[in-house]
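> The chain contents come next:
There are 2 protein chains.
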Amino acid sequence: MDLAVSVDTRGDRAAAIYRALLSALRDGRLRPGDRLPPTRALAGDLGVSRNTVATAYDRLTAEGYLEGRVGAGTFVTSAAASPTAARGRRKPATLRPRADWTYSPARTSSADERPRYDFRVGIPDAELFPFDTWRRLMTAELRLRANSPGSYAEPSGHLGLREAIARYVGYSRSVHAEVDDVIVTNGTQQGLDLVGRVMLAPGDVVAVEEPGYPPARLLFASLGARVVGVPVDAEGLDIAQLPERARLVYTTPSHQFPLGIAMSLARRRALLAWASERGAAIIEDDYDSEFRFTERPLEPLHSLDQTGRVIYAGTFSKTLLPSLRIGYLVAPPSLRSALRAARQLSDSHGPMAPQAALARFMDEGLLARHIRRASKAYAVRHELLVRGLAERLGDLVEPVPSAAGLHVAARLRDGMDIDTTGAVRQAGGEGIALDALPGYCAGAAQEGLVFGYGAVVADSIGEGLARLSALLRRAATKP
Amino acid sequence: MDLAVSVDTRGDRAAAIYRALLSALRDGRLRPGDRLPPTRALAGDLGVSRNTVATAYDRLTAEGYLEGRVGAGTFVTSAAASPTAARGRRKPATLRPRADWTYSPARTSSADERPRYDFRVGIPDAELFPFDTWRRLMTAELRLRANSPGSYAEPSGHLGLREAIARYVGYSRSVHAEVDDVIVTNGTQQGLDLVGRVMLAPGDVVAVEEPGYPPARLLFASLGARVVGVPVDAEGLDIAQLPERARLVYTTPSHQFPLGIAMSLARRRALLAWASERGAAIIEDDYDSEFRFTERPLEPLHSLDQTGRVIYAGTFSKTLLPSLRIGYLVAPPSLRSALRAARQLSDSHGPMAPQAALARFMDEGLLARHIRRASKAYAVRHELLVRGLAERLGDLVEPVPSAAGLHVAARLRDGMDIDTTGAVRQAGGEGIALDALPGYCAGAAQEGLVFGYGAVVADSIGEGLARLSALLRRAATKP
Numbered sequence: 008m009d010l011a012v013s014v015d016t017r018g019d020r021a022a023a024i025y026r027a028l029l030s031a032l033r034d035g036r037l038r039p040g041d042r043l044p045p046t047r048a049l050a051g052d053l054g055v056s057r058n059t060v061a062t063a064y065d066r067l068t069a070e071g072y073l074e075g076r077v078g079a080g081t082f083v084t085s086a087a088a089s090p091t092a093a094r095g096r097r098k099p100a101t102l103r104p105r106a107d108w109t110y111s112p113a114r115t116s117s118a119d120e121r122p123r124y125d126f127r128v129g130i131p132d133a134e135l136f137p138f139d140t141w142r143r144l145m146t147a148e149l150r151l152r153a154n155s156p157g158s159y160a161e162p163s164g165h166l167g168l169r170e171a172i173a174r175y176v177g178y179s180r181s182v183h184a185e186v187d188d189v190i191v192t193n194g195t196q197q198g199l200d201l202v203g204r205v206m207l208a209p210g211d212v213v214a215v216e217e218p219g220y221p222p223a224r225l226l227f228a229s230l231g232a233r234v235v236g237v238p239v240d241a242e243g244l245d246i247a248q249l250p251e252r253a254r255l256v257y258t259t260p261s262h263q264f265p266l267g268i269a270m271s272l273a274r275r276r277a278l279l280a281w282a283s284e285r286g287a288a289i290i291e292d293d294y295d296s297e298f299r300f301t302e303r304p305l306e307p308l309h310s311l312d313q314t315g316r317v318i319y320a321g322t323f324s325k326t327l328l329p330s331l332r333i334g335y336l337v338a339p340p341s342l343r344s345a346l347r348a349a350r351q352l353s354d355s356h357g358p359m360a361p362q363a364a365l366a367r368f369m370d371e372g373l374l375a376r377h378i379r380r381a382s383k384a385y386a387v388r389h390e391l392l393v394r395g396l397a398e399r400l401g402d403l404v405e406p407v408p409s410a411a412g413l414h415v416a417a418r419l420r421d422g423m424d425i426d427t428t429g430a431v432r433q434a435g436g437e438g439i440a441l442d443a444l445p446g447y448c449a450g451a452a453q454e455g456l457v458f459g460y461g462a463v464v465a466d467s468i469g470e471g472l473a474r475l476s477a478l479l480r481r482a483a484t485k486p
Numbered sequence: 008m009d010l011a012v013s014v015d016t017r018g019d020r021a022a023a024i025y026r027a028l029l030s031a032l033r034d035g036r037l038r039p040g041d042r043l044p045p046t047r048a049l050a051g052d053l054g055v056s057r058n059t060v061a062t063a064y065d066r067l068t069a070e071g072y073l074e075g076r077v078g079a080g081t082f083v084t085s086a087a088a089s090p091t092a093a094r095g096r097r098k099p100a101t102l103r104p105r106a107d108w109t110y111s112p113a114r115t116s117s118a119d120e121r122p123r124y125d126f127r128v129g130i131p132d133a134e135l136f137p138f139d140t141w142r143r144l145m146t147a148e149l150r151l152r153a154n155s156p157g158s159y160a161e162p163s164g165h166l167g168l169r170e171a172i173a174r175y176v177g178y179s180r181s182v183h184a185e186v187d188d189v190i191v192t193n194g195t196q197q198g199l200d201l202v203g204r205v206m207l208a209p210g211d212v213v214a215v216e217e218p219g220y221p222p223a224r225l226l227f228a229s230l231g232a233r234v235v236g237v238p239v240d241a242e243g244l245d246i247a248q249l250p251e252r253a254r255l256v257y258t259t260p261s262h263q264f265p266l267g268i269a270m271s272l273a274r275r276r277a278l279l280a281w282a283s284e285r286g287a288a289i290i291e292d293d294y295d296s297e298f299r300f301t302e303r304p305l306e307p308l309h310s311l312d313q314t315g316r317v318i319y320a321g322t323f324s325k326t327l328l329p330s331l332r333i334g335y336l337v338a339p340p341s342l343r344s345a346l347r348a349a350r351q352l353s354d355s356h357g358p359m360a361p362q363a364a365l366a367r368f369m370d371e372g373l374l375a376r377h378i379r380r381a382s383k384a385y386a387v388r389h390e391l392l393v394r395g396l397a398e399r400l401g402d403l404v405e406p407v408p409s410a411a412g413l414h415v416a417a418r419l420r421d422g423m424d425i426d427t428t429g430a431v432r433q434a435g436g437e438g439i440a441l442d443a444l445p446g447y448c449a450g451a452a453q454e455g456l457v458f459g460y461g462a463v464v465a466d467s468i469g470e471g472l473a474r475l476s477a478l479l480r481r482a483a484t485k486p
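Chain order of the listed sequences is A and B.
At position 344 of the first sequence the residue is numbered 351 (the working numbering), and the sequence of numbers has no breaks.
At position 60 of the second sequence the residue is numbered 67 (the working numbering), and the sequence of numbers has no breaks.
Nothing false has been slipped in among the hints.
Covered stretches of chain B, as calculated for chain A (at least 3 residues, CB under 8 Å): (1) 98-109; (2) 176-188; (3) 218-230; (4) 322-335; (5) 351-358; (6) 369-381.
Note that these hints are calculated values from the structure, not bench results.
Using N, Cα and C, we set each Cβ at its ideal position, and we do this for glycine too.
Chain A extracted, bound-state conformation (with noise of 0.2 Å):
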């Protein structure tokens, strides 16, 4: 690291250095606290003596611009802030989007303090993640530095972990998975933008269930798609209202997103001979099937698949962690090709040593130990949830049945006029944090409430539903 500091060969060096250094500090580069270089590394980049950067030090020291501290270095004093030029030069704001771009980032639900009643969705609990086991695993992937070498790494990711996810999916989920059908992703968002980058055309038609996943939606939009929502009813997505036109169907069959309904079979069938008929191809979006209560899963539509149409997509950040930030596709050979170059150019590679701590993580049984025992503890909460839904909330909302995953979904009673828009933000006033169902909708509102549980206290089920029920009681009764 250097000063980018012009100083002249000729003439008074010390000057020259004391002048860039002020002027690095009268236009905000150099700000309090920033330690300076050490004088003699600072020296050697320009290539004058120490003494020289040891004077212009000594000088702004004197002018109270810098501190020396015993044993740590010299550094910028508070009172070189100045105020009416630390900020720098401000600029233009020239560039602009392009004029189609409509897009803001959303809320993160880490931009939260933690909820005093948590029933926010799509977050697992991270108190069940075994942070010791994991940091015994990276520690040890550090250590063998194979995994961080000098050199640009396979795009579809680490073979050891595509191995273990082939294994996994296969016995799991009853995909079948050849180790080079396997690429892992940043997540299944980045799943789905490598598909979209790869399959879509300007224009094409893509169909997304109403309501559905907004990330998916608003992603393939600014790929330059045509998205269009198919209605979802007690079956899950509508076969006979998907666009004619489309050339690719996202879908949530397990547990679909939000509301929770598993596609029956009928449909997965009917749907698979749709994709057949018009050449269209599958999102199946499997991304919290692994947490299950009441019953056996359907077949995933992967596993239904005999014409190659399906790409399925899952993920860790359910099972494990979303700060993990891996996921998976499993993709028909024709394909494979184009979504590694998909990989390269989006941004390389992902990075190798968590991957291959999470190879050794499922090779040594420890992801089905963390299911087993995760799906316990939600199988609790989902319980006591549904309990309470239908004892203290029941005249109000219908909770939609569901026997997987992280969330359950309520729509409103037939007669009750609730915003359930307003009524979610006057709850997280209060406390309690859920979703409103209109959030997921992209057309017409359907109201209701989505309450996750992955990260809810189990106790404080109960007493966050009376609150909610008291709140929700209130707002139907103003008109």
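Once you've looked at the hints, dock chain B against the given chain A.
Relative to the frame of chain A, chain B by itself:
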């Protein structure tokens, strides 16, 4: 985890489990070496007694499909491999990329064994990286847990790292950045992708350097842009030849990739004036300017720019390691929200623990120390390489003067008739890894060679060049 077997609740349940497991073995979902779930766990999952599962396991063990290993569990035997059926059914290759998707994955450097004479381009020396310190910092961050919450994080990256980067570019590169101007990316490539997503509509013209950095050109093309190559001469990008309608100019002014030229100050000013007149944006990719050997750097475009037209892209892939997968953009406030949204749509956000560890690494002055140390090692290799090129190959090629970075280019001298692409391929067979200049040309091939010295062992440089010299002379004499 569970076996996706469907067990009829009536009838002989042990027999049903036996058949389901056998079917999983036959179609390759269970493979030799796989561990079966513990009987207790599978019994719980299936809602049967543990004895029922044990009966099924016992039968398969007796038949040679499974074996119990004391203290470890029940495993699929190697004899259980079914050569005819184990690969599972093959589905037809019906899914295809969009018609204009023409991209294939590039060969990755890690796919090679380390060559004996390692002049590979664009990779730093992993031997110089302080792995022990890095592991200590990572372990500390993983212990905190705060960086691995159950929730989703800010898409622009870890706050502490953005602060450290804002300071770093301020005093190492005189790039003025507020913390909110910094967006952490998975390396430079993702930074380019985010800018492209946000700014480019299909058909927009993007100007790139010719020869230039292929992943940038291919990325912008894959986003639907019309990419135009602009020649590079001894002063850098030839501004007079920029396409009139370019919306975006991608350039490497500090150390042109791959030629190594620094853009002259006159050209820098001309480029800024050009962009300001046309309303174009500039991406300044400053990928390896930290390693400088002989002269003071020119001011970055970002610092010279008064009109807010420059997006600055930096990376830790060269200063530290590509496997960290951490780079950054410094972007004007007018693009901030769009870039954050694009990052969220791409892959939500990056992993936080390595970002937090890197922030500490920078705050403790360890990055500065590492760069000083690495610069010394690279300066030695640069010197040996430049001298060796003059001595061994001076009559065949003309090295392009360069004062920074991790590679040196050399053009074939006038009158020389060597197919450098073929010669480089042949050199690879003799353990000499380097690049041919035509690989960086999208238009007419410019014959020449590109030598990386990030990974090369200093002692092997002379010998490698001697062997290459002999090989090129053989290639030159063959008509």
